[in-house]
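Chains as they are written, first to last, in my numbering: chain E, 1 to 391; chain V, 1 to 325; chain Y, 1 to 304.
Worth flagging that the hints you see were computed from the coordinates, not collected in a lab.
Predicted model, so just to flag it, every value in this text is computed and none were measured.
There may be inaccurate statements among the hints.
Calculated cross-link-like contacts (lysine-lysine; reagent style PhoX-like; alpha-carbon spacing at most 25 Å) [stated by the list, open to error]:
#  : chain 1 : residue 1 : chain 2 : residue 2
1  : E       : 161       : E       : 115
2  : V       : 151       : E       : 91
3  : E       : 59        : E       : 115
4  : E       : 391       : E       : 333
5  : E       : 91        : E       : 318
6  : E       : 282       : E       : 333
7  : E       : 59        : E       : 387
8  : E       : 387       : V       : 164
9  : E       : 371       : E       : 158
10 : E       : 115       : E       : 378
11 : E       : 161       : E       : 289
12 : E       : 318       : E       : 281
13 : V       : 151       : V       : 84
14 : V       : 164       : E       : 161
15 : E       : 281       : E       : 329
16 : E       : 281       : E       : 187
17 : E       : 185       : E       : 59
18 : V       : 84        : E       : 387
19 : V       : 151       : E       : 115
20 : E       : 290       : V       : 164
21 : E       : 27        : E       : 391
22 : E       : 387       : V       : 151
23 : E       : 391       : E       : 109
24 : E       : 387       : E       : 333
25 : E       : 371       : V       : 151
26 : E       : 59        : E       : 337
27 : E       : 91        : V       : 84
So these bits of chain Y aren't anywhere near chain V, every CB distance computed over 12 Å [what the hints assert, rightly or not]:
#  : residue
28 : 124
29 : 150
30 : 159
Note that beta-carbon positions come from the ideal geometry of N, C-alpha and C, so glycine has one too.
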Amino acid sequence: MRNALMAAGAVVLLAAQPALAQQKSIKIGFVSTFSGPTAVIGNDMRNSFELALDHMGRKMGGIPVEVIYEDDAQKPDVGKQKTEKLIESDKVDFVTGYIWSNVLLASIKPVVDSKTFLISANAGPSQIAGELCSPYFFSTSWQNDQTPQAMGLYMNQKGVKSVFLIGPNYAAGKDMLAGVASTFKGKVVGQELTTWPSQLDFSAELAKAKASGAESIFVFYPGAAGVQFLNQYAASGLKGSVPLYTAFTIDELSLPLQKDNAIGVPGAQEWVNDLPNEQNKKFVADYRKKYTGLRPTYYGAQAYDAAQLINSAVVATKGNLSDKAAVQKAMEKADFKSLRGGFKFGNNHFPIQNFYLQDVVKDADGQLSLKTVATIVKDDQDRFHDKCPMK
Amino acid sequence: MPPKTSLLTLRNIVVALLLIALALLPVYAQLAGDRFALTLFTRIVIMALAAVSLNLILGFGGMMSFGHAVYLGIGGYAVGMLAKEGVYSGFVQWPVAILASALFALVIGALSLRTRGVYFIMITLAFAQMAYYIFAGIARYGGDDGLTIYKRSQFIEALNLSDKVQFYYVCLVILFAAIYLVYRLINSRFGMVLQGVRSNEVRMRAIGFATYRYKLTAFVIAGVLCGLSGALLANQADFVSPSVMYWTRSGDLIIMVVLGGMGTVIGPVMGAIALLVLEEVLSGFTEYWQIILGPLLLLVVLFARGGIDGLLATLGERFTLRRPS
Amino acid sequence: MTLFIEQCLNGLQFGLLLFMLAAGLTLVFGIMDLVNLAHGSLYMLGAYFAATFSALTGSFVLGAILAMLATLLVGMVVEVVAMRRLYGRDHLDHVLGTFGLILFFNESVRLIWGPAGLALPLPGWLQQPISILGFQYSAYKFSIIVVSLIVAGGLYALVMRTRIGMLIRAGASNREMVGALGVNIKLLYTLVFGLGAALAGLAGLMQAPILTVQIGMGENILILAFVITVIGGIGSIRGALVAALLVGFIDTLGRSYLPDMLREVLSPAAASTLAPALSSMLIYLLMAIVLIVKPEGLFSAGQR
Chain E
1 MRNALMAAGA VVLLAAQPAL AQQKSIKIGF VSTFSGPTAV IGNDMRNSFE
51 LALDHMGRKM GGIPVEVIYE DDAQKPDVGK QKTEKLIESD KVDFVTGYIW
101 SNVLLASIKP VVDSKTFLIS ANAGPSQIAG ELCSPYFFST SWQNDQTPQA
151 MGLYMNQKGV KSVFLIGPNY AAGKDMLAGV ASTFKGKVVG QELTTWPSQL
201 DFSAELAKAK ASGAESIFVF YPGAAGVQFL NQYAASGLKG SVPLYTAFTI
251 DELSLPLQKD NAIGVPGAQE WVNDLPNEQN KKFVADYRKK YTGLRPTYYG
301 AQAYDAAQLI NSAVVATKGN LSDKAAVQKA MEKADFKSLR GGFKFGNNHF
351 PIQNFYLQDV VKDADGQLSL KTVATIVKDD QDRFHDKCPM K
Chain V
1 MPPKTSLLTL RNIVVALLLI ALALLPVYAQ LAGDRFALTL FTRIVIMALA
51 AVSLNLILGF GGMMSFGHAV YLGIGGYAVG MLAKEGVYSG FVQWPVAILA
101 SALFALVIGA LSLRTRGVYF IMITLAFAQM AYYIFAGIAR YGGDDGLTIY
151 KRSQFIEALN LSDKVQFYYV CLVILFAAIY LVYRLINSRF GMVLQGVRSN
201 EVRMRAIGFA TYRYKLTAFV IAGVLCGLSG ALLANQADFV SPSVMYWTRS
251 GDLIIMVVLG GMGTVIGPVM GAIALLVLEE VLSGFTEYWQ IILGPLLLLV
301 VLFARGGIDG LLATLGERFT LRRPS
Chain Y
1 MTLFIEQCLN GLQFGLLLFM LAAGLTLVFG IMDLVNLAHG SLYMLGAYFA
51 ATFSALTGSF VLGAILAMLA TLLVGMVVEV VAMRRLYGRD HLDHVLGTFG
101 LILFFNESVR LIWGPAGLAL PLPGWLQQPI SILGFQYSAY KFSIIVVSLI
151 VAGGLYALVM RTRIGMLIRA GASNREMVGA LGVNIKLLYT LVFGLGAALA
201 GLAGLMQAPI LTVQIGMGEN ILILAFVITV IGGIGSIRGA LVAALLVGFI
251 DTLGRSYLPD MLREVLSPAA ASTLAPALSS MLIYLLMAIV LIVKPEGLFS
301 AGQR
């Protein structure tokens, strides 16, 4: 019996040829926000990432997966410190997560210096798409400007003549406002940046938007600030006269708090829960089954895709993660079934993908949910990719 | 027995062991392959330096500055802004950090020290918040998002701050030097006056001391030491952002000083180690770690006023009392 | 011109709201000589209670009243359990101990209500904008102004016209004397602390529909309340009112007009980054100037 076992072991060893280079486990570090008011976003990303691992049987290419979650507290310096810990102390093979552009910008140096792969599941600052791009960096989300650019295109289609821009004063906020301004053909009559994340009263900004005589308002406020903005917009009496256009302001996390204030407010997104591909249907259904009472968001869908991207690279390299060039090549293929129905990577490792128009409707249960209305733009690539020296 | 205090008290033994452990930490990190311990303790040593500097005015001078973290930012931005402009030499960066901190401390000290008590707490807070917002508003140096530093300060060929062990020892030597400086200061005539001001300023003035000038001098020295700590912190993090000078960071520094033991030379070092290690351990243990830390702080305030240092001294007394002498 | 009037109303509303918060702080500060950083936590609790109770009762007004009572109760319990032990200690102990309480309250709220935050929806009659002097203004913001003015008036009457008010005033200017007169000082302290807590709770619940109910919502506004207390002079209700209105106007008008002024001299990109930072700074600048000129605040407790 004992001999038989040993023989079987030997066969298994022989079968997996590059066994010497193979690892005991795939270690993934996950940096996101798990405390404070925006912890809901981090929790949703974690839920979806866990669901992806469940779907894979918690193994990648037959190797068990170990995930270490770290809380960045929405602070760049904390995020950087946690990232360093993951690399130095836990010696992870991949780091992923990253909601906030400023946290990502602070954290990217130690990751790239140590030749660890970083997959951003949300943040996409313009610098990293351009001059700071790296072979070790990949994104399963978007470059910040892309989504608002799509919104700008939609506003052109609607024939909007002028807009007033409002957003938070941090890396992504500036990217977003610049993004919409770059595609919008009408006149940008004014722009306001607010202190982030502390300023929550937008009455002064709304009053200025009203006084400016702009035909429309565009905003970017992720998380709780988006709830506050919509509430105040509704109370200001602007809703009937000055329509609102958004990016990343209305999602499944904020919707239960925004309620009817969100109805009729369009947003642009690369993923919506009703995208008609099989993997997405399974994802949404299983998510709602596993986490009762919750609905998946685009943050979660991106985290799910990040897990799939890592898996595809592990499978393609047969678990030999020490060959960095091979891992990079494998990831560049984006060889997995994305929840948004597939995308390719550009030279800067950001996705080239479609953007959809989403609207708020009441679903079968009588609850508010998001619905795809139209495809605004197909195979969109960010406008910074030619600044990236990688070819 | 002559009334000579023994050097071999529990407290002194612990302190000596602590200093030796700090000095030997890189050896452990090397042997155990625990590179993160080195990263963590580099940060702890730097924060200990900031706490030691705060202790000089808070513990010995009785000046409750609630804006001390501002110098972390000023020192850090001196390094970061110069690096952004292509000046990497530490021989330029660090003196600028020190001068800028000294100048800032001189100006706000001169104004703030006209007030006392709660008003002093609030005015130091106000100046720190102003600096916070100024740095948050400069788009060229990253604004709210902070500034990534791509090259650490450069000194001579032989000294490479990017090497973790070398950098750790640089920080440690500076910390030890600062501790020694504070020790010499408080045992000098200057230090005596300063402590006299803490217990009774009116009397000190009546005796004929220009207390304002003594306080201001201490305020500037503390600012300089903390600014240096800021320069180190920016190098350690390769990053500086306005958040290092937010008021809660000043609160953290106060916690370190009080937790370790106010008005003792080595207390703040113990406080910094205790707080940062506690944070690291508790946050690994539960996501809700602040629910433990919060009441713990209240308990320290209510029942252990001397902090860790005081606790060691009390324990030591009990320990020696049991022995016949 | 309508923009200016609207911004002034916004400033007035914000100032009055800050006054609710600062009034309790300045009373506790003046009478018990206690620096209470956890005052912002009571503001947060008021909002959480209001969201919970109005969801339970289905009525915004009823929920608000219950929430005020609940914060009053929590305030008195906190006073008896923790704060009482801090009286007579030095300010440093207050800062540390109550800083610890902030951490405790934040995490407790996260355990009880979860990290997501809550919404406090307004009843329909408060959601519609109303028209004042020919322009549209948020009915809810207007009602905050009205309620705050009533409360401010009530507080003034309480402090200036009643026996308790007399004791409060006496306590603020000479603590030992009140004790020596045989007043039950412990009870007075608990009441005053509870009153401050209820006012903070009221501020929190009034702000809740505009801003969502979330963890840490008290910390940002707490520092503003402290600034007001100090500018106004510790222990002075009148000072708190004047300072709160000053801060409210400066903050709102600064945010509104500073960007345009800066755009005249700087590039638009630099101006839009610098402006929000500078307008946040103005308040601290005001406080520093007041303290340098009058080191005890505008109205110190001795001369109310």
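Results of checking the hints against the structure:
1. E:161 to E:115: Violated, at about 48 Å.
2. V:151 to E:91: It holds: about 24 Å lies between the C-alpha atoms, which stays within 25 Å.
3. E:59 to E:115: 23 Å, holds
4. E:391 to E:333: The hint holds at about 14 Å.
5. E:91 to E:318: 20 Å, holds
6. E:282 to E:333: 23 Å, holds
7. E:59 to E:387: 37 Å, violated
8. E:387 to V:164: 33 Å, violated
9. E:371 to E:158: 19 Å, holds
10. E:115 to E:378: 33 Å, violated
11. E:161 to E:289: Given pair residue 161 (chain E), residue 289 (chain E) is violated - Cα atoms ~45 Å apart, limit 25 Å.
12. E:318 to E:281: 29 Å, violated
13. V:151 to V:84: 9 Å, holds
14. V:164 to E:161: Not satisfied, since the Cα-Cα distance of roughly 57 Å exceeds 25 Å.
15. E:281 to E:329: Cα-Cα ~29 Å, so violated.
16. E:281 to E:187: With a Cα-Cα distance of about 40 Å, the restraint between residue 281 (chain E) and residue 187 (chain E) is violated, given a limit of 25 Å.
17. E:185 to E:59: 49 Å, violated
18. V:84 to E:387: 20 Å, holds
19. V:151 to E:115: 18 Å, holds
20. E:290 to V:164: The hint is violated at about 44 Å.
21. E:27 to E:391: This hinted pair is violated, its Cα atoms lying about 29 Å apart.
22. E:387 to V:151: This hinted pair holds, its Cα atoms lying about 22 Å apart.
23. E:391 to E:109: 21 Å, holds
24. E:387 to E:333: With Cα atoms ~21 Å apart, residue 387 (chain E) and residue 333 (chain E) stay inside 25 Å; holds.
25. E:371 to V:151: 48 Å, violated
26. E:59 to E:337: Holds, because 17 Å separates the two Cα atoms, which is no more than 25 Å.
27. E:91 to V:84: Roughly 31 Å separates the two Cα atoms, so the pair is violated.
28. 124: At about 38 Å from chain V, residue 124 (chain Y) clears the 12 Å cut-off, so the statement holds.
29. 150: Residue 150 (chain Y) clear of chain V: closest Cβ-Cβ about 30 Å, beyond 12 Å.
30. 159: 21 Å, holds
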